[in-house]
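Undergrad: Residue strings, one per chain:
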Amino acid sequence: MYGNDFGEPLNAAETADYADAVQEYFDGLIGADQRIEPRDAMPDGYRRTLIRQIAQHAHSEIIGMQPEGNWITRAPSLRRKAILMAKVQDEAGHGLYLYSAAETLGVDRAELLDKLHSGQQKYSSIFNYPTLTWADVGAIGWLVDGAAIMNQVPLCRCSYGPYARAMIRVCKEESFHQRQGFEILWTLSRGTEEQQAMAQDAADRWWWPSLMMFGPPDTGDAAAPGGHTEQNMAWGIKRFTNDDLRQKFVDMTVPQAQKLGLVLPDPDLRWNDERGHWDFGAIDWDEFWRVLKGDGPCNEQRLAHRRRAHDEGAWVREAANAHAARQAARQEVA
Amino acid sequence: MSDNWPLWEVFVRAKRGLAHVHAGSLHAPDAELALRNARDLYTRRQEGVSIWVIRSQDITASSPDERDSFFDPAGDKVYRHASFYEVPEDVEYL
Amino acid sequence: MTERTDLRSQASPSAPGGADGVAYVLGLADDALIYAQRLGEWLTRAPQIEEDLALGNVGLDLLGQARALLTRAGDLEGAGRDEDDLAYLRDEREFRNVHLVEQPRGDFGQEMARMLWFASYQHELYTHLVDSVDEVVAGVAAKALKEVAYHRDHAGQWVVRLGDGTAESHERMQAGLEAVAPYVAELGDDDPVSVAAAQAGVGILPSSLVPGTVAHVEAVVAQATLRMPDPPRWRSRGGREGVHSEAMGYLLAELQHIHRSHPGASW
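Chains as they are written, first to last, in my numbering: chain A, 1 to 334; chain B, 1001 to 1094; chain C, 2001 to 2267.
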């Protein structure tokens, strides 16, 4: 089923001539920095890559509701409670915008959710870490949303139209997410000793996982085997390398941490005049791969929670379809 | 009975005087809930004063049926565009 | 966020209704606050992601009502308590909400039964409170009336779909109605505070809201091919006097824990 655009994919015909023509047409659009739209012919690799990336992005929004949703009932003021509810709700909305974009590529959301539930498709590993204190809600907004925005802003210019449009909407709405996180920590940093310690503890636990959010390095031993960065950049799906974005994030965040009076847990963090950037220490990529593969503190819990909500809702979704079918039949009779 | 809901396309009128513009899609079992879901999903920040929803499968889209007409841009009708016409520089409001 | 400062500046200097007025407004606020707390539990647990959004919206609306009303109650009381003092630092016996809203989350059908009753009641309530002599209460009511009309509609849509859906959903929706039935009568109890508030023109007599509330629920239930539950063997009492059910202690423990662990801290 297609969203946003309609009909069968046009590159279904499998002749060599056709494939060449598709490639030529597609390359022309990409070369001219034009957006690809759903009914355009596109190479299968491009379609597959987009489906995988948009789906994982959507799954991250949906799973990402949990670590924060966990704190809605305990938010320490009513103002914070309202902000947090609105934020978690936004994440549900962002997941839906993204599923909607993925569905223009010829997949059904139910299919994608099945792949999430069965573990065939991933979501951002950051959400496999627990939110243990109220300050973690601040750290997620400040660091995790900060890193996400860094990743997402370039995606607003992604070559695939529906994805780019979804990202524009998401970025616009998310501008408050990072700010509210910073504000939580700002308040804690000027609060009681316990509150300050809570903020530091959160920074200690979230700093490194946030840096991992940009993905493995583009080169070197820890680079992802068979990495797609080059191809994705040529396709206009990716605009910057993982390492470029990570550096930008560090450069943006360090002064903010100083403002908050927080010590980032990296003894190698120092300004490099020559490079004009902050140097930072080695990231534990073993931990990254370990958590990605399922051995993180909350992997099982997050998926089980999500599956349970889906399974417990099946009778409701079925009932609504049954009612719709009956209503349609009644209208035909009448 | 399947528990998958059909797909709907959502069009939102941002304010009076503007046309409805495609906002995205969503899933709903029927038109009434599609409208309500659209309100919650696409107008959380007062982005609209009116919403249309339509089943995705009920939309007919233009579909080029042969390769040439698909790949050749309709670029030979430049006379449809204002920039095609030469006018003296000192003529205003044209 | 709420129009907290706006409301305060609009507040009339004299407190209509005196101590009973404060208690009455607290009752309105606590119903909204405690139900918002329960609805907050639904985010990430709804039967469809679109419904996570819908339940979040209802929760946010109620939380907004609660904040405006708590602020008003604090102003009327004149002891310098703000919305957070009232939400986080009162003990269970001081909460004046009905038992219906504090009951633990059931399945989706039961939640829609609760929402249908509560939103139908709030719709009747706010329809009258727009004429309250307390300008702030009247202002909150005018805004909230549009919100609860949507909540009532949302719940009604679902009760109809589940009642007239599959055999399983019909049975579960009926069970949901039965489960909330013992908590419904309390909404119409004329406790002394409400009687006094009604006499002062601040509030409205709860029993006068019953016919309209029941009529709306009955119409939805009929359309849903369900039946109104028989009169339950027992019914809840006493929420407005601060006597709650066992669920309330756990709810408040969760709501208040962080705030109370750090006395005097800002958040």
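Treat the hints as calculated values from the structure; they're not laboratory data. All values derive from a computational prediction rather than experimental measurement. Virtual Cβ for every residue (Gly too), placed ideally from N, Cα, C. Treat the hints with care, as some may be off.
[Said to hold, decoys possible] Some residues of chain B that are not near chain A, with every Cβ distance over 10 angstroms (derived): (1) Asn1004; (2) His1027; (3) Leu1033; (4) Leu1094.
[Unchecked claim] SDA-like mimics (lysine to any residue), calculated; alpha carbons at most 25 angstroms apart, straight line: (5) A:Lys293 x A:Ile30; (6) A:Lys259 x A:Gln247; (7) C:Lys2146 x B:Arg1013; (8) A:Lys172 x B:Thr1043; (9) A:Lys122 x A:Asp251; (10) A:Lys259 x A:Glu287; (11) B:Lys1015 x A:Cys171; (12) C:Lys2146 x B:Asp1090; (13) A:Lys122 x A:Pro225; (14) A:Lys172 x B:Arg1044; (15) A:Lys172 x A:Glu193; (16) C:Lys2143 x B:His1081; (17) A:Lys115 x A:Cys298; (18) A:Lys172 x B:Asp1003; (19) A:Lys172 x B:Tyr1085.
Undergrad: Quick check: which numbered hints come out false for this structure?
TA: When the structure is compared with the hints, numbers 1, 2, 3, 5, 9, 10, 12, 15, 16, 18 and 19 turn out to be violated.
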